[in-house]
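Student: With chain Y held as given, fit chain R onto it using these hints.
Protein chains in written order, with this note's numbering: chain Y, 1 to 357; chain R, 1 to 357.
These aren't lab readings, by the way, just hints derived from the structure by calculation. Everything numeric in this text was worked out from a predicted model, so none of it was measured. You may find that some hints are simply not true.
Which copy? The list can't say, so a pair holds if one copy fits it or any two copies do.
Claimed, not checked - Calculated pairs, DSSO-like style, for lysine-lysine (alpha carbon to alpha carbon, straight line, at most 30 Å):
(1) K229 - K280
(2) K280 - K345
(3) K291 - K319
(4) K228 - K280
(5) K27 - K228
(6) K229 - K125
There are 2 protein chains.
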Amino acid sequence: MSATVVEIVKSKNLKQKPNDDKLGFGKYFTDHMFVMDYTSEKGWIQPKITPYEPISLDPAAVIFHYGQTVFEGMKAYRTSDNKILLFRPDENFKRLNMSSERLAMPPVNEEEVLEYLKQLINVEKDWVPTAEGTSLYIRPFIIATEAFLGLAASKQYKLVMILSPVGSYYTGGIKPVSIKVEEHYTRAVRGGTGMAKTAGNYCATFNAQTKATSEGFTQVLWLDAIEKKYVEEVGTSNAFFKVNGEVITPELSGSILPGITRKSVIEMLKDWGVPVTERKVSIEEIFQYHKEGTLEEVFSTGTAAVISSIGELEWNGQKITVNNNKIGDLSQKLYDTLTGIQTGKIADPYNWTTEVK
Amino acid sequence: MSATVVEIVKSKNLKQKPNDDKLGFGKYFTDHMFVMDYTSEKGWIQPKITPYEPISLDPAAVIFHYGQTVFEGMKAYRTSDNKILLFRPDENFKRLNMSSERLAMPPVNEEEVLEYLKQLINVEKDWVPTAEGTSLYIRPFIIATEAFLGLAASKQYKLVMILSPVGSYYTGGIKPVSIKVEEHYTRAVRGGTGMAKTAGNYCATFNAQTKATSEGFTQVLWLDAIEKKYVEEVGTSNAFFKVNGEVITPELSGSILPGITRKSVIEMLKDWGVPVTERKVSIEEIFQYHKEGTLEEVFSTGTAAVISSIGELEWNGQKITVNNNKIGDLSQKLYDTLTGIQTGKIADPYNWTTEVK
Numbered sequence: 001m002s003a004t005v006v007e008i009v010k011s012k013n014l015k016q017k018p019n020d021d022k023l024g025f026g027k028y029f030t031d032h033m034f035v036m037d038y039t040s041e042k043g044w045i046q047p048k049i050t051p052y053e054p055i056s057l058d059p060a061a062v063i064f065h066y067g068q069t070v071f072e073g074m075k076a077y078r079t080s081d082n083k084i085l086l087f088r089p090d091e092n093f094k095r096l097n098m099s100s101e102r103l104a105m106p107p108v109n110e111e112e113v114l115e116y117l118k119q120l121i122n123v124e125k126d127w128v129p130t131a132e133g134t135s136l137y138i139r140p141f142i143i144a145t146e147a148f149l150g151l152a153a154s155k156q157y158k159l160v161m162i163l164s165p166v167g168s169y170y171t172g173g174i175k176p177v178s179i180k181v182e183e184h185y186t187r188a189v190r191g192g193t194g195m196a197k198t199a200g201n202y203c204a205t206f207n208a209q210t211k212a213t214s215e216g217f218t219q220v221l222w223l224d225a226i227e228k229k230y231v232e233e234v235g236t237s238n239a240f241f242k243v244n245g246e247v248i249t250p251e252l253s254g255s256i257l258p259g260i261t262r263k264s265v266i267e268m269l270k271d272w273g274v275p276v277t278e279r280k281v282s283i284e285e286i287f288q289y290h291k292e293g294t295l296e297e298v299f300s301t302g303t304a305a306v307i308s309s310i311g312e313l314e315w316n317g318q319k320i321t322v323n324n325n326k327i328g329d330l331s332q333k334l335y336d337t338l339t340g341i342q343t344g345k346i347a348d349p350y351n352w353t354t355e356v357k
Numbered sequence: 001m002s003a004t005v006v007e008i009v010k011s012k013n014l015k016q017k018p019n020d021d022k023l024g025f026g027k028y029f030t031d032h033m034f035v036m037d038y039t040s041e042k043g044w045i046q047p048k049i050t051p052y053e054p055i056s057l058d059p060a061a062v063i064f065h066y067g068q069t070v071f072e073g074m075k076a077y078r079t080s081d082n083k084i085l086l087f088r089p090d091e092n093f094k095r096l097n098m099s100s101e102r103l104a105m106p107p108v109n110e111e112e113v114l115e116y117l118k119q120l121i122n123v124e125k126d127w128v129p130t131a132e133g134t135s136l137y138i139r140p141f142i143i144a145t146e147a148f149l150g151l152a153a154s155k156q157y158k159l160v161m162i163l164s165p166v167g168s169y170y171t172g173g174i175k176p177v178s179i180k181v182e183e184h185y186t187r188a189v190r191g192g193t194g195m196a197k198t199a200g201n202y203c204a205t206f207n208a209q210t211k212a213t214s215e216g217f218t219q220v221l222w223l224d225a226i227e228k229k230y231v232e233e234v235g236t237s238n239a240f241f242k243v244n245g246e247v248i249t250p251e252l253s254g255s256i257l258p259g260i261t262r263k264s265v266i267e268m269l270k271d272w273g274v275p276v277t278e279r280k281v282s283i284e285e286i287f288q289y290h291k292e293g294t295l296e297e298v299f300s301t302g303t304a305a306v307i308s309s310i311g312e313l314e315w316n317g318q319k320i321t322v323n324n325n326k327i328g329d330l331s332q333k334l335y336d337t338l339t340g341i342q343t344g345k346i347a348d349p350y351n352w353t354t355e356v357k
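For reference, chain Y alone in the conformation it holds in the complex:
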């Protein structure tokens, strides 16, 4: 693989880098970005690294009206010996193409775009933060740019990759969070776009999220839209339940995002000999396990937070506390192992990390 960026335009005004303890999530962006355009006649053309700068689009661009867009989220980590590692980036670009298929958008060459990303990170390597829990968040996204208000897939697109040094997603770190089961709003339904990483899925959750936050919860748990019974996701993460030694996670029904952390957790559990089952799981069943004393741990998985321990769960007026509102041993082991592999602290037996050289 030797895809080279056609052009690198260096920024003349480098920004001051924020302190590692001030990063937060998605607030600061590096000095450069990657841009590549697509037309239906020429395909993907003009890959280039440019200064981080505004995107200028016709007001009739399809993205503004019909929301044709997909994105990915991934991270680069600095190791103690100053290497920069990516975690399963091939999976992210594979999912990007899967999302694009659902949104009637053209695929990218996954290997080439990964090479472009590595070149971008190389230009920005001083932006990969060093403090514990920090990383360089990577946001590739494709937007439909054709200036046409007819209801049809755009004939022009722009792929952009931006980078943002980030701290922990949850300001409280891996302290267990309090989750409310959402009863009114729904996130996705079969036949819809729930399995794709596309903008419309996310803005649809803001009202529920705001309401949950105002009631003192960190996130909502989404039930399926059809029966309002089965667990789908927690916020924008995948849900896991440890019940009597077995780990259960909702099966990929078509309305659940196939998380890469989810997939990694399942693979690790299998490797460790922990029974893990992907199946439909109802919220009623979870509350029943709690009543019987067999609900041992609840956690969610995602790129931003990696593993998030869930200490409290409210549904239908009942609130249950899981594992005395402490992070469980298995959740902790998953977090330590995953972040250990991601940051090069422990050996990577799965060949999941890729060094940016």
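Tutor: Then chain R, alone, in the frame of chain Y:
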């Protein structure tokens, strides 16, 4: 009401106007647009008319990642005595605010924005086309502009209004169209965003639309996502069925867009003494009426096409022909009356039109 646009910046390079017979839909845009910004501290500020020009946004703008946006569609018509009429624009801005509420976005002052629109149309009055069936399509939209990747409602927005001279939406005019009932994909579900005019609802339909077109259909008919049984919308229009003298249209369930043409049709039918019922209606029921010989007319309503006659309907491998694939008398009367009122050809007994002076 005397909201004045703070600033009008005239374009120095006026475009050549396309011929009325070449307009199509949403391809040409006028010389100017309206722009107004919002910040959570200051509210809506700096309303202005500027040359039609690219919108420049930070690559991390919320619209690109989480799709927080709403829009409207409406038309300005030229009358034979050279007046310019808007059709129920107050309803559009009311719906814009209703959509914004669902998307966790700030409302606009409906009356003020209507005044701004009138000022914009005044600047662009020569762009309102004159030929039969043509109009000036108006697209107000609001996009979330804050540069922040955290999952939360944006604190900054931009309202833009652009204008596009258009011909008939369907190139075949009001000739009856062929519709396929979509069995796999879904458009919306209760608790989701189906009742709001927001971008994510539209890109979600492109795959189904493309498939239907390749199979020779003009549009798809959407069933409810839960039981896959009840009629929701046709393409992006509201569906109507005339059965044994009675007109039936799906009730606003929460996943159906409350169309302004839909509302107008219901009001006209009531005024005419035609029985009209808003209720759940299953596709099975419609096919049963056809079998019994009581399905008299099928049509859909929307701003772009006004009334679209449906001549063929395919579901589950069966294809039925409605009214010998000819436009029905009631559909024709609704079309003639509505477009007559819109273009000032016939008196407006409902006070639906507003002149742009």
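Student: So, for every hint listed, does it hold in this structure?
Tutor: Hint-by-hint comparison with the structure:
1. K229 - K280: Both, since 10 Å and 23 Å are each at most 30 Å.
2. K280 - K345: Neither way: K280 and K345 sit 35 Å apart in one copy and 59 Å across, limit 30 Å.
3. K291 - K319: For K291 and K319, the Cα distance is within 30 Å only inside one copy (11 Å; across copies 53 Å).
4. K228 - K280: Answer is both: 12 Å inside a copy and 20 Å across each meet the 30 Å cutoff.
5. K27 - K228: neither (35 Å within a copy, 42 Å between copies)
6. K229 - K125: neither (46 Å within a copy, 55 Å between copies)
The structure does not agree with the numbered hints 2, 5, 6 stated previously, though it agrees with the rest.
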